[in-house]
Every structure is written in C-alpha cells, then in structure tokens.
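Colleague: Spelled out from the first residue to the last, the chains are:
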Amino acid sequence: MDLKGKITLVTGASRGIGAEIAKAFGEEGAFVIVNYLQNEAKAATVVDHIENQGGESTAMQADVTDEQSVQDMVAKIVDSFGAIDVIVNNALPSYTFNPKKRKAAWDMKWEDYQKQIEGSIGGAFNVCKAVMPYMKEQNGGRMINLLTNLIDLPLVPYHDYTTAKAGLLGYSRNLAVDLGPFGITVNCVAPGLTYPTDSSLETKEDVREEIARLTPMGKVASPEDITGSVLFFASDWASFITGQCIHVDGGLVMK
Amino acid sequence: MRQQTKQMIEQLLSFIIYRGSTGKDFQELALTLFSYQFEHNLPYKKYCQKRRKTPLTVKHWQEIPAMPIQAFKELPLACESTRTPEAVFLTSGTTNAEKRGQNIHPALAVWDGSMMTAFKQFVLPEQQTAAIYVLSPAEDLNQHSSLSRYLTNAVKHFGTEDSRFFFKEKGLDMEALTTALKVKESRREPVLLMGASSAYVHFIDYCTERDLTFHLAEGSRIFDTGGFKRQSRELSREELYESFSRVFDVGPNSFINMYGMTELSSQIYEVTAQSPRFEKVNPDWVKTLVLDPETLRPVKAGEVGVLAHYDLANWNSCMAVLTEDMGFETENGFVLLGRVEGSEARGCSIAVDELMRANGK
Amino acid sequence: MRNEQQEIEAYFIPDTIQLTSFTTRELESKQGKLILKYPVLSGEDIQCITETIKANQKNYLDKLQTTEVIDLVDAAVQKWLDPDYHWRQLAETWLPVITGYDAEMIRLELKRFLRTFRKKELLRFLVEEFDDPAVLDDFRPRKKGGLSKAYGPDLILHFFSGNVPGLPVWNLVMGLLVKSGQLGKTSSSEPLLPVLFAKSLEEVDPELAKTLAVLPWKGGEDQLEHPAIQAAEAVVAYGSSESVENIRKGVPAHKRFLSYGHKISFAMVGKEALTLDLCRESVHSLAEDVSVYDQQGCVSPQIIYVEQGGSVSPREFAQLLANEMDHYNRKKPRGPLLESEALAIQSFRSQHEFQIESSVYGHPDDTSWTVVYHPEPDFEPSPLNRTVHVFSCTHLEQVYPKLSSYRQYLQTAGVAVGPDRLFKLSEDLGKAGVSRVCAVGKMAQAPSGWHHDGQFNLLNLIRWTDIETSAEQHAEQYDEDSE
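Residue numbers (the numbering used here), protein chains in the order written: chain A, 92 to 346; chain B, 6 to 366; chain C, 318 to 800.
Do not take every clue at face value.
Partial chain B-side listing against chain C, Cβ under 10 Å, derived [unchecked claim]:
| # | residue |
| --- | --- |
| 1 | Pro48 |
| 2 | Lys51 |
| 3 | Gln75 |
| 4 | Pro298 |
Below, simulated DSSO-like cross-link-like pairs (lysine-lysine); rule was C-alpha separation at most 30 Å, straight line [stated by the list, open to error]:
| # | chain 1 | residue 1 | chain 2 | residue 2 |
| --- | --- | --- | --- | --- |
| 5 | B | Lys104 | C | Lys580 |
| 6 | B | Lys55 | A | Lys95 |
| 7 | B | Lys51 | A | Lys95 |
| 8 | A | Lys167 | B | Lys51 |
| 9 | C | Lys350 | B | Lys305 |
| 10 | A | Lys167 | B | Lys50 |
| 11 | A | Lys167 | B | Lys58 |
| 12 | B | Lys104 | C | Lys719 |
| 13 | A | Lys95 | C | Lys648 |
Selected chain A positions facing chain C (in silico; Cβ < 8 Å) [unchecked claim]:
| # | residue |
| --- | --- |
| 14 | Lys227 |
| 15 | Glu228 |
| 16 | Asn230 |
| 17 | Pro272 |
| 18 | Phe273 |
| 19 | Gly274 |
No lab work stands behind these hints: they were computed from the structure.
Each residue gets a CB set at the ideal place from its N, CA and C atoms; glycine is no exception.
Produce the entire structure from the sequences given, and follow the hints as far as they go.
Modeller: Next up, the structure:
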C-alpha cells in the first residue's frame, strides 16, 4: 500500500480510534496531521509515536464544529505541505455509551438530536467543505467518514448518536456523486463496538460479551482492527471506489 | 537585510570559501537554503507548493524544485527586497528584446566569493596572478552584465599590472589587441586571453583576413564563455578550438570554457588541461541534474536530458534553476549539447509561433 | 500477423511503370517487422508517371459516368469497413507505430472517417455542390437557357497532410469524383494509408487505379516537384503557411492552386449548458475533441470559452475537464513526444503558473494532458499534444473582439448553447472568420460534404464550359431538316 507522502488529516486523533488511524497512516509513510480539540498532550504523544516509528506528523488544534477554525487549519496544512490528499472525519461530540444509562425514545429531546447532528454531520461537513476547493484544484482527494454499525443493527439504540451517524452516511453518498467527476472519492467505515476507547469505557463487560457472542468472529473490535479499511479507502487500491460503506464489526452486520 | 539573511550569507560564504571547515555538506546547506527561499520568495513558494515540495516534504536536495529560467523573465524572484541592490544582472535577451531575465543581487559578497574561489581552482590553479587581456566589455561599460562583473573581478583580483581591457565604447579595439599580443609574443611572456566566444569569432575573422597569426608564449591560455548567438557566425566548439590553435599557436591543453548564466551566481568550467574534452565541471557548491523533459525527473546516468543546476551561491532568487539546455552526465561533470531545438508542429493545427508571428507579437 | 516480417511499397504507381531504385525503412513492433520500400525518384520518373496517368485518365476515367465512379469508390470503401480486410488490419497494426498515435484511437477514428465515404454520403457530397451532378458527365441544360458541362483537371497534384491518418483518402476521393488523374505526395509522418487505399481501388478496378500515383519524397525537392507541377492542371497543398507558400511560389499563375494552411479551432460553452446535469456531457465531449489525434488536426480545439453564471463555474469546468482528459488518456494514451515538444508543454505550464491568476491542471507525472484556466477571456494557442486553455467569460459575446486578429486562421467553433442563441452566435462567429460551427464532441468529425475551410471542394477544382443559348439557336439554322 503506497501512502508515502500523502498529506492526511485525521480529526479527533488524540485518542481512541482516531489515534490508531493516525498511527497507521504514519506507519505507511503518510504525513499525518493529528487534529485535536483539547487534549494537546495526548495529541503530542501520537505525534511522538509516529515520529519514533520513522514517520512524519504534526498536531493541529481545531474545533471541527467551528467553520472558521477548520478553514484556518486546512489553509495552514496546504500552505505547509502544498496539498491535502486524505481526510478522515473521526471526531465526534462527547458522548457516553452506557447501555444502562442511555435515554429511552420517550425521554429524548430534540436538542439531543441537534447536538449530535451538529457534531457528527456538522463537523464532517465543515472539514469536507473546507478541503473541497483544494481537492478540486488538485484533481483528486479522498474523504473517509467514520460511522457506526448501529445504523444497521441498533443493538443498543443510542437514538441521537446513531441517527446523526445515519445522516452522515446520507451526506457522504450525496457528496460522492457531486465530487466523483472531480476525482474525489467519499467513503465510510462503520465500526462495531470498539474496545478499549474512552467512549466505550462505560460499556461494561456483560454487553461486550453479549456482542462478542453474536459476532461471527467471536470478539468486539479493538482500535487497531478499524485502521485497515480506512487505509484501504485512502490507497490506490480503492481509486475507483466511492460512496461505499465498509462494516468493520467481525461480521455482525452483513449487507 | 534581515538577520536570517545575514546568517544565510555567512554560512554560504564559509562553505564556498573555507569548505570542509564548517562541517556542513552540500545536502544540509541546500535544504537550509531551500527553506529560506521557500519562506521568503513567494512566487517560488507557490511553484513549490504546486509540486507538493515544501521544507516539510523535501528530504534530499534533488527533490528541490528547479525554477524554469522563464520565471526570471516573468517574475521578480527575490528573498531580500531592496531598492538599492548591489547589482541586477540581466540576460542578453537576444530572442525577446522586451522580456529579459533578471537576477537581483542585494549584495554581491557570495557571488564574488563563488567567482573567485572557482576562478582560482579552474583558471589559475598553479599561480596567483596572470597577465589578462580581455576582449569583452568591463563592468563600467555594462553594469547589468554578469560577464562584465566576472571579467572585471578577474582582472582586479588576479590580473598583473599590465592586464588590459580591449573593449571600448566603440567596440573591440582589434588593432590595440594585435599590437599588445605581438609585444607579449616578442617578450615570450604568457598571456591569459578572456572574453565571450562571439568576441573571439570577430577577432579571428579579423586575423584571418589579414593573415595575422601569433605565437603566444608557453603557458598562455584562451578563456572563452558563452555560445554563439546571432551576433557572430556560428562555430562549433571544436572549430573554435581549432581556430584558437591556428591563430594563437597554443596547444590543446590551453583552453578554458566558462559556462555561466545570468540566472545563476556561479560558473561551471571546461578546462582542457584538467578534464576530457567538452566535459563541464562544477565547483563544489554547484550540482547539476539531467532531467527527462517528459517527467522532469532525473534520467538514468549518461542519458540525454534537460539540465537543472543547483547553485548554493544563488541565495536571493532560486538555488535550483531549470535551463533549456540539453546535456548528459559524465564521470566528473556533464556535457552540454546546447539549446533544445524547436521543431515544426506535426499537425495542421496552427502552432504558437506561427500564430504569434501572424499577430505581429 | 505475429512476429512476421512483411514488406510493403510505400508508393503506388500505374502497374505499367517500373521503378528501379529503392531504399527501405524498417518498423518494428510487438507484431513483428514491417519494411517500407521507398522509391528513389528522378524528374524523368515523375514525367513518365504523370504522362501515363494523364493518358489513362483520358482513355478510361474520363469516359466513366460519375455514378460508376461512385460505385467503384463505394466498393473500395466497403472493403475498408470490414474489420477483417487485410489492408485495414495492416493499417491498424502499423499506423500506430508510424504515427505514435494510440492504436485504439486510430482504429475507432479511421472507421468513423471511412464511413463518411459510402455511396449515400458521396451522392450527398455531389448534390451539396452541384444542383445537377450529371454536369460532370455531359452538357446539361441550365434554367435560364444554354447548357453547361463541368470538367475536372486531367491531373491533380496533391501535397497530402500527414497529421491525421486518412485525410489523404478524402483528397483522393474528391479527385475521383471529378474524374481527375491524380498524383499525391505523401507526408513522411504518414506515408502508408493513401497507398493502401489506392491498392483497394486497384482490387476493385485495375483500370481506375492506373489513373493514380502516390509517391513519397521530401518536400521542396525541386527536381521532382517542378515536373509534377508542370504536368498538373491543379495543385492541392496542405501544410503550414510557410510550406504552402513555398509550393505556391512554384505554381504558375494560370494553374489552379488550392491550399489548406494551418488553422485553429475553439469551443464555446454557454451558461445554459453549465447545469449540474448537462455539463458533464459537454466536458466529456470536449475532452474527446481535444484529445483525438493528440490535437494535431486543425479541427481540435485549443481554446474553450466558458460562460459564467451557470451552476458549474468556468473554474470548475476546467477542473472537470482535467479529470476527463485524464480518463481519455487512460483509455487512449497520447503518443510519445519529441524532447522539444515535451519541453514546450513544460514551459507552457510553468509560464501560466507564474501568472498568479491562472491555474494549471496537468498530469502529475508527465505532460500527457494539460488544462490551463484563465479568469479573463483572451485568445492564445496551445502547444498542442493535449493541452488546452479554458477562458472564463462573463458572456460569450465578450469573446469576439479577441478573435479579430486571427480571422484568417479560425476554423471550427464547437458550441454548446441554447437554440435561441445558436443563430446569432453563428452569425457573429461567421463574421469573425469561423467557417464551421458544430456541436461539442463533433469537432473532430467533419461530415464529408462540409465546406472545408469555408470553401467549395469540388467546385473549386473544376472548370466549366457553357453552350450559350445563341449557339444552340444558331445551330438550328443549319439543321438541314429544319422546317
């Protein structure tokens, strides 16, 4: 897989799946921009890790829900590197995945949905919108959006979170149509429950065991399991694939 | 002048003049200079960004994008902007009178350092001074010519007291040159002749018409530079060397050809006493790449391509310059094949030149 | 044809003439080796060949009816429309090697081109220029009295173009329709196809083929060109203004001289074609127009004017075009370039990069395609080989003043505009000097009966003889049986 020299932005990359994705790109020779919101120290750890492995990386702070902040970050990337080849929209608004404390449908408020839509679709929208002129100008680019397999199999119905991610899938497919003629692909990766991550800390043993039991491959995903499909969409192997979604959940969802 | 520039100049000078003692190799200094030029030369920065080459992505000097010489005509290429540069050198502009390439030198210290260090190495390796007779204009006659600066420097720093310029306001004073050469000849004193190739062509014609020949003393050298543009009749280098031998009665090891470009700040030498015929050799702070015209990536060793020169002395504009000259790499340098020849378009679609002619442009 | 060695003459002459001295040129490809046999010609050879052709024209071709000629040409063209036809296969194998053009592109374009010479097209071609094509056979009555007959030249000398394979076939067919003997000088860049077509005519009718010769020689060889021009009644020349002018100098004023100099074509896309749903089709079509025969044909656009105000901006149009150029190049890669051609493109790219307001899109690794976007309209040719300008304009009408200096060079305008604008636009383009307005995507496929460079094709070759009414009436007096 030749990602050598590809300028790659991973949002929300200071921890969890984002950090693993950033490291994986670093290992493949990409220049990785580790975006973070607050956790500067953790972002620095990811950058250090990549550099220690002989890769190249830099950390950049930006709130993906803030249009201006995202535009400034992207402009800075292009100024420093001359291009932006790959974006991975991984950042998500803070959310507690606790099956026992989740809100039931009748307790949901419209604001709950709005917050997730703002964070999930809004964040991805800001990043996609900001890189669009550059990718069009360079006759190509890769956009990869992180979803969840709960869209297809809401084992635990996190209403607001999953609804927003489902919206992001629709956004991605529509984007793929308009951007295809410019040589830009838009694809999605939908992980199953991934452990351990900060978000999944409150998803306790019993639920994880239950999901593992239902999963053909007999375990829940670990952060490293997710990276391969993201790298694939960024690689030349996926040059003619767009508007697709890969489930990375050990076969829990098949479609 | 910004502090960073002063430091850059210091580093370059010490590499060029006292190389080795700084411990910096070409690679390291080239990358430092690239970062400097990327930061301060905006058109060059844009050119590099378009090629995805930035200080963060370039790891080796060979990856530094070479700026086409055309850009020196179209754009002001300068890291240090000043209203009173020490010199602005212009290309002779034989092809397009209006657009002449320019290379701005806020300070000439590095240019001079480069010129003199290489001059010593290639032209006067075994002596401190020489009697220099110059056939082309000195600096006072042509302030915008890098060649004139070069010749004036040579006489000032390496010429004995009887060194002279024979090019006056009305042109080359061939009679005076003839007389002076005859004097040298009778005294059996060696002389270093210096000038543009075209100036020699005129002088050789003059001598041939009058059946004049000289028998210059042992140790005399004929230094010429440049190709043959429209001013004089076309001569190949081989023919030129033959006519030097015939007119001046000097041996095959007495020729020095200097290859210089306004767009660069250093010169490259062909010294027949030091290298195989036609091989041009760079000083240590200049490297030349041979690129495939189709991809602008280096060709395999020995294959013909278009030349790009990486000249550390060219600190204010662009260190890396893409020429329109074809050539190929040799063991110690390269062989210059000359300008790429235009060809008539294959198609019936009208070509740029024809249309431009039609429009009187 | 695998790994075989094959020899073929790069010339065609009436089979009664023997040439004695030859050179060869060898071509190699995966399919084997082809040896092209070139004659070494003298002025006497030319004289002998032209005399023979003229005699055969007089004794045979001149006596055929036009419809018979059409049937013969049609029969030869039908052979070429069979994919298994041996000469077609030879052409499809070796033209890519000779010209450097992509094999698949040649296969497709050659087929498309030859289809325009079937019987129905030839008939249409005649009617296009003659109210009554029978004037080529006999005196025919005119509406206002009298009768007229059209005579083609007894010998046409062609200087064929070499950039687009097949074009000389068009010249040969034109000459046949006016029943002329013909001598064609091939271009060194494409010496094969006119020879093969002559061989097909020979297969169809050996007598007809004896009125044809196709010969290669280096342009400007006076000792060959002088006797050829002397023998010919009409001279048809293709080439740059310079080479056409050189030929013209050698042609006496009383001889007919038709020339097709280098031309430039462009396209115009109106904002009504720049909707999200329709624009991709225009982009796709134009990428093909630009890329076909590596832009060597004068019908290929070098400039595209794109109007502002549509859903897709001119800049986006340029970006989309870049991607389509890349797609076409993957399907049908551009041929190899000379060093000077490649450097011309490199220098073209950097020149426009230095203009801050322009954008340059190009293949990232080599020069195989280039699109340059400009925010203001202008008129500027490209270095060809799949390089094209996209100029943004506030309205298409803004472009006309830019065209004025180039009147004599303008040829095809490919347009994508609404019906309400087509006439006005064409009227203005016509005034500017454009001779052909067609749809985008069709620029490279001129129909056989077009006014080539704004002129008649057959009418310019023939001369007329009229029998006036007076002669007709006067003759009646001498009718012994008159009452």
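Colleague: All the hints need checking, so say for each whether the structure fits it.
Modeller: Hints and how they fare:
1. Pro48: Constraint on Pro48(B) satisfied, holds at 6 Å.
2. Lys51: 7 Å, holds
3. Gln75: Holds: closest Cβ of chain C sits about 6 Å from Gln75(B), inside 10 Å.
4. Pro298: Result: holds, 4 Å to nearest chain C Cβ.
5. Lys104(B) / Lys580(C): 28 Å, holds
6. Lys55(B) / Lys95(A): Since the Cα atoms of Lys55(B) and Lys95(A) sit roughly 17 Å apart, the hinted pair holds (cutoff 30 Å).
7. Lys51(B) / Lys95(A): Roughly 22 Å separates the two Cα atoms, so the pair holds.
8. Lys167(A) / Lys51(B): Since the Cα atoms of Lys167(A) and Lys51(B) sit roughly 14 Å apart, the hinted pair holds (cutoff 30 Å).
9. Lys350(C) / Lys305(B): The given pair, whose Cα atoms are some 28 Å apart, holds under the 30 Å limit.
10. Lys167(A) / Lys50(B): Between Lys167(A) and Lys50(B) the Cα gap is close to 14 Å, so the pair holds against 30 Å.
11. Lys167(A) / Lys58(B): Roughly 15 Å separates the two Cα atoms, so the pair holds.
12. Lys104(B) / Lys719(C): With Cα atoms ~23 Å apart, Lys104(B) and Lys719(C) stay inside 30 Å; holds.
13. Lys95(A) / Lys648(C): Judged against 30 Å, a Cα distance of about 27 Å means the pair holds.
14. Lys227: 5 Å, holds
15. Glu228: Holds, because the Cβ-Cβ distance from Glu228(A) to chain C comes to roughly 7 Å (cut-off 8 Å).
16. Asn230: 5 Å, holds
17. Pro272: 5 Å, holds
18. Phe273: Holds - the Cβ of Phe273(A) comes within 8 Å of chain C, reaching about 6 Å at its closest.
19. Gly274: Gly274(A) check passes; min Cβ-Cβ to chain C is 5 Å, inside 8 Å.
Consistency with the previously given hints is maintained throughout, with no hint failing.
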